[in-house]
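J.: Model the placement of chain X on the given structure of chain C, informed by the hints.
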Amino acid sequence: MAQKAREGWEAMLATLVAERGDALLRHAYVLCGNPDDAADLVQAGLVATFGRLRNGFAIEKAEAYVRRAITSAYIDRGRRATRWRATAHLHLTPELVDAPDTVTDRRLDLKAELDGLSPRERACVVLRYYGDQKVDDIAADLGISPGAVKRYLSDGLAKLAASLSDGPALTEPRRGHA
Amino acid sequence: MSSFDDLGRALRDDAAANAPRASVIDVDAVAHAARARRRPRQWTVGTLSVVAALGMGGLALQAVTPPTLIAASESADTATVESAGGADVLSQPQAPETLGDGERSVTLLACGATAPEPSSFRGVTLSVDVPQSARMADGDLMGVATIANSSSDTVSISAPAGASGSLAQGGVIVAESLDASGVEQPIELGAGDRLDLPLRVSTVGCEGEALAAGGYSVVVALDVVMASTGEAGVLIATAPAVRLD
Chain C
1 MAQKAREGWE AMLATLVAER GDALLRHAYV LCGNPDDAAD LVQAGLVATF GRLRNGFAIE
61 KAEAYVRRAI TSAYIDRGRR ATRWRATAHL HLTPELVDAP DTVTDRRLDL KAELDGLSPR
121 ERACVVLRYY GDQKVDDIAA DLGISPGAVK RYLSDGLAKL AASLSDGPAL TEPRRGHA
Chain X
1 MSSFDDLGRA LRDDAAANAP RASVIDVDAV AHAARARRRP RQWTVGTLSV VAALGMGGLA
61 LQAVTPPTLI AASESADTAT VESAGGADVL SQPQAPETLG DGERSVTLLA CGATAPEPSS
121 FRGVTLSVDV PQSARMADGD LMGVATIANS SSDTVSISAP AGASGSLAQG GVIVAESLDA
181 SGVEQPIELG AGDRLDLPLR VSTVGCEGEA LAAGGYSVVV ALDVVMASTG EAGVLIATAP
241 AVRLD
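Taken in sequence, the protein lines are chains C and X.
Residue numbers for the first sequence follow our numbering, beginning at 1 and rising by one.
Residue numbers for the second sequence follow our numbering, beginning at 1 and rising by one.
Each hint should be verified, as a subset may be incorrect.
With the C-beta cut set under 7 angstroms, the calculated list includes, among others, these residues of chain X facing chain C [claimed, not checked]:
| no. | residue |
| --- | --- |
| 1 | 8 |
| 2 | 10 |
| 3 | 11 |
| 4 | 15 |
| 5 | 21 |
| 6 | 24 |
| 7 | 25 |
| 8 | 27 |
| 9 | 34 |
| 10 | 123 |
| 11 | 204 |
| 12 | 242 |
| 13 | 244 |
Each pair of labels, with its calculated beta carbon distance range [as the list claims (entries may be wrong)]:
| no. | chain 1 | residue 1 | chain 2 | residue 2 | range |
| --- | --- | --- | --- | --- | --- |
| 14 | X | 156 | C | 61 | 37 to 47 angstroms |
| 15 | C | 151 | X | 193 | 48 to 58 angstroms |
| 16 | C | 140 | X | 227 | 51 to 61 angstroms |
| 17 | X | 191 | C | 60 | 52 to 62 angstroms |
| 18 | C | 146 | X | 171 | 31 to 41 angstroms |
| 19 | X | 193 | C | 64 | 49 to 59 angstroms |
| 20 | X | 190 | C | 151 | 52 to 62 angstroms |
No wet-lab data here; the hints were simulated from the structure.
As the structure is a prediction and not an experimental result, all values here were calculated from the model.
For each residue, glycine too, the CB sits at the ideal point set by N, CA and C.
Just chain C, with the same shape it has in the complex (with noise of 0.2 angstroms):
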């Protein structure tokens, strides 16, 4: 029986990995920045999860409570280096140059201001706009207030606009959810 319930659970973690992979990557990566960390933090998500994971799971609530799990990892390493976060911005200023490839260069703006963010800042950040996900669900996930999460992103896309805003003023837009 244990047998069989290992190879359950050990089955469900490869057919995860293989399916839903890449997009836990991604996941991690708009988190964390960094293809390295995105890794890392993906493994820790699958260890945590499948190291407490009962059998019985549908694979799309397996891959709902790794994200979790790497948000919640992502959200924990950054508390680690907040001393290091306090300071990020004088290490990664950019050169003042002129550069020929302007999308380059707000890309790398945009790596730089949301490294910049708390960890909780910019995991409301990304779960809102890379993952589409309402308040209440990142309030859900993160264990955190729906008003926390909609302060977290107040302050998270004030400090994007702060440098950003090429163009028009960036507000939170009325989506007509909570």
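T.: Structure of chain X alone, referenced to chain C:
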């Protein structure tokens, strides 16, 4: 970046172009680490069943009989280590035979496991020192793990770039230092030699949360193999309670 739709698009484009592919995920390593995490709960269920079956009679029997997993010939080593102030020597909480080398210490210190008692192995002892004030910037505890080989044999110790410990509270592991890399460098330690390893202990709880303020005990475990016989064992030591603010 003129709108939040652009923000989402930029994030997706960046991820599509730069995120690694699923081939970087080592499924075998993940399964290995996940199995190690699952095992303590399986043991706990089995142990509770056995204790329930034996009842108080069995517990009383344990109290009056010497630890069965320590050979009589080891009693001298036991006394020596205790008098030297090293790790206390109690019965060896042997891992099941099904575990391979290098898995035992990881399993013993996994989240949710019952904190193991200190133990030595064939005259090889482990002690730890974690000063209350030694903290990393990220809050991790720092210390030193000392291995003393008072046996007449060379031993091989598996330790990934140093020792890592777990934190226990109420006899249960509540924070583990997970090394997902699985990379371990065997260290050879000759007879009579001592070795100091840097020790790092995570203060992040099993659910990724910051541990609440309070007293915790540091538990460190290292796998050892006797060179001449190939016999494998686990060294376990605990440090006096540390207090997290």
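J.: Look at each hint and say if it fits the structure.
T.: To see whether the hints hold, each was checked on the structure:
About 4 angstroms separates the beta-carbon of residue 8 of chain X from the nearest beta-carbon of chain C, less than 7 angstroms, and the hint is met. The closest approach between the C-beta of residue 10 of chain X and any C-beta of chain C is roughly 6 angstroms, which is under the 7 angstroms cut-off, so the hint is satisfied. With a cut of 7 angstroms, the hint placing residue 11 of chain X at the interface with chain C holds, because the nearest CB-to-CB distance is about 4 angstroms. Because the smallest distance between the Cβ of residue 15 of chain X and any Cβ of chain C comes to about 4 angstroms, under 7 angstroms, the interface hint for this residue holds.
For residue 21 of chain X, the interface hint holds, the least distance from its beta-carbon to any beta-carbon of chain C being 6 angstroms, beneath 7 angstroms. Because the beta carbon of residue 24 of chain X sits about 5 angstroms from the nearest beta carbon in chain C, less than 7 angstroms, this interface hint is met. This hint holds: residue 25 of chain X has a C-beta 5 angstroms from the nearest C-beta of chain C, less than the 7 angstroms allowed. With a cut of 7 angstroms, the hint placing residue 27 of chain X at the interface with chain C holds, because the nearest CB-to-CB distance is about 5 angstroms.
With a cut of 7 angstroms, the hint placing residue 34 of chain X at the interface with chain C holds, because the nearest CB-to-CB distance is about 4 angstroms. Because the closest C-beta pair between residue 123 of chain X and chain C is about 34 angstroms apart, greater than 7 angstroms, the hint is violated. Because the closest C-beta pair between residue 204 of chain X and chain C is about 5 angstroms apart, less than 7 angstroms, the hint holds. About 18 angstroms separates the beta-carbon of residue 242 of chain X from the nearest beta-carbon of chain C, more than 7 angstroms, and the hint is not met.
For the restraint placing residue 244 of chain X at the interface with chain C, the shortest Cβ-Cβ distance is roughly 14 angstroms, beyond the 7 angstroms limit, so the hint is violated. The given range of 37 to 47 angstroms is respected by residue 156 of chain X and residue 61 of chain C, whose C-beta atoms sit roughly 43 angstroms from each other. Here the CB-CB span from residue 151 of chain C to residue 193 of chain X is close to 57 angstroms, well matched to the stated 48 to 58 angstroms. The beta-carbon spacing between residue 140 of chain C and residue 227 of chain X, approximately 54 angstroms, falls within the hinted interval of 51 to 61 angstroms.
Checked against the hint of 52 to 62 angstroms, the C-beta distance between residue 191 of chain X and residue 60 of chain C comes to roughly 57 angstroms, which is consistent with it. Between residue 146 of chain C and residue 171 of chain X the beta carbon distance is about 38 angstroms. The supplied range of 31 to 41 angstroms therefore holds. Separated by about 51 angstroms at the C-beta atoms, residue 193 of chain X and residue 64 of chain C satisfy the suggested range of 49 to 59 angstroms. The hinted range of 52 to 62 angstroms is satisfied by residue 190 of chain X and residue 151 of chain C, whose Cβ atoms lie roughly 60 angstroms apart.
Taken one by one, the earlier hints fail for this structure at numbers 10, 12, 13, listed in ascending order.
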